[in-house]
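Model the full assembly from the supplied sequences, consistent with the hints where possible.
Each chain is listed here by its residues.
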Amino acid sequence: MSGFLSAYSIQNWLESCPQGYLEDTQYGHAPGQTEPALVLDNPTLLADTIRTTVQLVVGERCALAASSGLINAAPDHASKAFLATQTLDEARHVEIFTQRLYDLGVKKSELESTLAEHANPNLVKFAEVLLEKVDKGDFIAGVVGQNIVLEGMAFSVFEMLQAAVSGVNPKFANTLSGTIADERRHVGFGENRIGSLIKQHPERKADVEKMQKEMAYHMLATFSTQFAQSGSAMQEGQRMAQAAEGNGAEAPAKWHGADLATATPEEMEGVLSDTVLKEFKVRLGRIGIEYQTPAAP
Amino acid sequence: MSDPHDLPKEVFLDEVHSFEFWFQAVAGYLTERPNGHDPSIEEADLNSSEREALITTLCNYAIGETAALEASSGMIRFAPNRRAKIFLATQVVDEARHLEVLLYRLSELGVTHLEEVVQSRANRSLLAFRKRLLQFVDGHDWEAALFAQNVILESMEFSVFQAHVERADPITGDMLTGIIKDERRHMGFGENELGRRLAETPHIRARLQAVKKELDPLVLDTFEDTLEQVGVERSERPELGRSYLASVERLGFAL
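Residue numbers (this note's numbering), protein chains in the order written: chain X, 30 to 326; chain U, 216 to 470.
Sample of chain X residues lacking proximity to chain U, with all beta carbon distances greater than 12 angstroms (derived): (1) PRO150; (2) PRO199; (3) ALA202; (4) ARG213; (5) GLY217; (6) ALA250; (7) SER253; (8) GLN267; (9) ALA272; (10) ALA292; (11) SER302; (12) PRO326.
Sample of chain X residues facing chain U (criterion: CB under 7 angstroms; computed from the structure): (13) SER97; (14) ILE100; (15) THR116; (16) LEU117.
If you want a taste of the chain U side facing chain X, the calculated C-beta under 10 angstroms gives, among others: (17) PRO249; (18) SER288; (19) ILE291; (20) ALA311; (21) LEU329.
Just so you know, the hints here were simulated from the structure itself, not pulled from any lab data. Quick caveat: nothing in here was measured; it's all calculated off a predicted structure. The beta carbon of each residue, even a glycine, is placed where N, CA and C say it ideally should be.
Put into C-alpha cells, the structure is as follows:
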C-alpha cells in the first residue's frame with residue numbers, strides 16, 4: 030500500500046469517524062436534540078426545509094450509488110477499502126437526512142413520493158452524468174465526478190447551511206458538522222488518488238473535463254432553481270432569526286462575505302456558485318485537470 | 216440498546232439494517248482488535264510448511280472477501296429498498312475490513328507484494344465462484360446475487376473459519392473470531408430478505424435451486440483445498456462439507 034493510501038485505511042476510518050466524532054451521536058446529533066419550533070410551527074419554513082432536505086437525500090443517494098459502484102472498478106485493494114468506508118459514510122448520510130425528513134413530519138409511507146415531488150430535476154441530471162461514468166466502470170472519471178465535483182459541491186453547501194442554522198438549529202448544525210468532516214476526507218482521497226492516475230493516463234483529461242463542465246452546468250441550474258423557490262422562506266427565516274436574536278439567540282453568521290441575516294436569494298446563489306467553482310478550479314488544478322467553465326443555465 | 220426483537224416487524228427491520236445498529240454491533244470487538252486481533256497476543260512459532268500453508272489459506276480468504284466486497288458494493292445500486300441499501304453499505308465496510316485485516320496478517324507473516332502473492336495462490340474454483348457471483352451482480356439479478364453472496368459464500372466462509380479457528384495459531388484464531396461475528400449478521404440478512412421473497416413468490420425457489428446446483432461443486436472443491444491447508448484430517452472433511460450444506464439448509468434453502 031503506498032504511503033498516502035494507508036491514511037485512508039478502514040483502521041484509520043474506524044478510529045477517526047465512528048469511534049471519533051460520531052461517538053455518542055444518534056442520527057448524527059446529540060441524543061435528545063430536536064428540530065426547533067420556529068421551523069416546525071411555521072408552514073413556509075417547514076415546506077422549504079423539507080424541500081432542501083430532499084435535495085440532500087437525493088445527492089447522498091447518488092453518492093452512495095457512485096461510491097459503491099466504483100469499488101469494483103478500483104485498481105487496488107487500498108482504494109477499494111477507502112471506497113468501502115466512503116460507501117458507509119454515504120449510506121449514513123442517506124439515513125440521517127432521511128431521518129430528518131421524518132423529524133420534520135414526513136410519513137415513512139410518503140418518503141418516496143415526497144422525494145419524487147421535490148427532487149430538483151437539475152440535480153437528478155447532475156447525478157445521471159456521474160452514474161453513467163460509474164456504470165461504465167470508468168474509475169478516473171467516476172472518482173473526479175464523485176470525490177471532486179459532487180463532494181466539493183456538497184462540502185460548500187453543507188458549510189453554508191451550517192453557517193445559516195448554527196444559531197437557531199443546533200440539531201441540524203451538529204448533523205452537518207459530521208457530514209462536513211466526512212466530505213473533507215472524501216475530497217482528500219479524490220485529490221490524492223486521481224492525481225497520480227491522471228499523470229499515468231493524460232489521454233483521459235479531455236473526457237473528464239467534458240464531464241466536469243456538464244456536471245457544473247447542472248449544479249448551477251440546481252442552485253438557480255433552489256434559490257428562486259426559497260425567496261419567501263429565506264425572508265421569513267431572516268425575520269424570525271432577528272426576532273430570536275432580540276431574545277438572546279446567537280446572531281446569524283457571515284459566510285464567504287455574505288451577511289446571512291440580510292442576504293437576498295440572488296446574492297446567496299452568487300456567493301455559493303462562486304465559492305464552489307473557485308474550489309473546483311483549485312482542486313482540479315491539483316490533479317492536473319483544467320477547469321472548464323459551464324454555460325450559464 | 217433494548218432488545219430489537221421486541222419491536223414491531225417493520226420497525227425491527229429498519230433498526231437492524233441501520234448504520235446505528237451496525238455501529239453498536241461492531242464497536243466493541245473492533246475497539247478491542249486494532250488491525251483485526253488483540254495486540255497482546257504473541258506470535259506462535261510456525262515452522263516453514265505451516266507458515267506457507269497459512270499464507271496460502273489467508274490468500275484464498277482474501278480472494279473470498281474481495282469477491283464479497285465487490286458483490287455487496289455492486290448490489291447496492293439495485294437493492295430493492297433503502298434499508299437493504301443501507302445494510303449492504305455496512306456489509307461493504309465489513310468485507311473491506313476483513314480484507315484489510317487479512318492483508319495485515321499476511322504482512323505480519325512476512326509477505327510483501329500482497330496483491331501479486333494473493334493472486335498467485337488463488338484457488339481456481341474460488342475464482343470461478345467469484346466470476347459467477349459478479350455475473351449475477353452485473354446482471355442486477357437480486358435474488359441470485361443475494362443467494363450466492365449472503366447465503367452460499369457467507370455459509371462457506373462461516374463453516375471454514377469455524378473449522379480453522381479450532382486449529383489456528385492464536386493470532387489468526389482471534390482475527391477469525393471477529394470475522395465470524397460479521398458473517399452471522401450477513402447470513403441473517405440473506406435469510407430474512409430471501410425468506411420473505413420465497414414466501415411471497417415461491418416460483419423463485421426453482422431458480423435458486425439451479426444456482427445452488429451450479430455453485431455447490433465450486434464451493435465443495437474450495438472447501439476441500441482449504442481444509443487440507445488448515446490441517447483438517449481427510450476423514451473429517453466430508454463431515455465439514457455436510458456442515459456447510461446443513462448451514463445452508465438451516466437458512467431455509469435445502470432446495
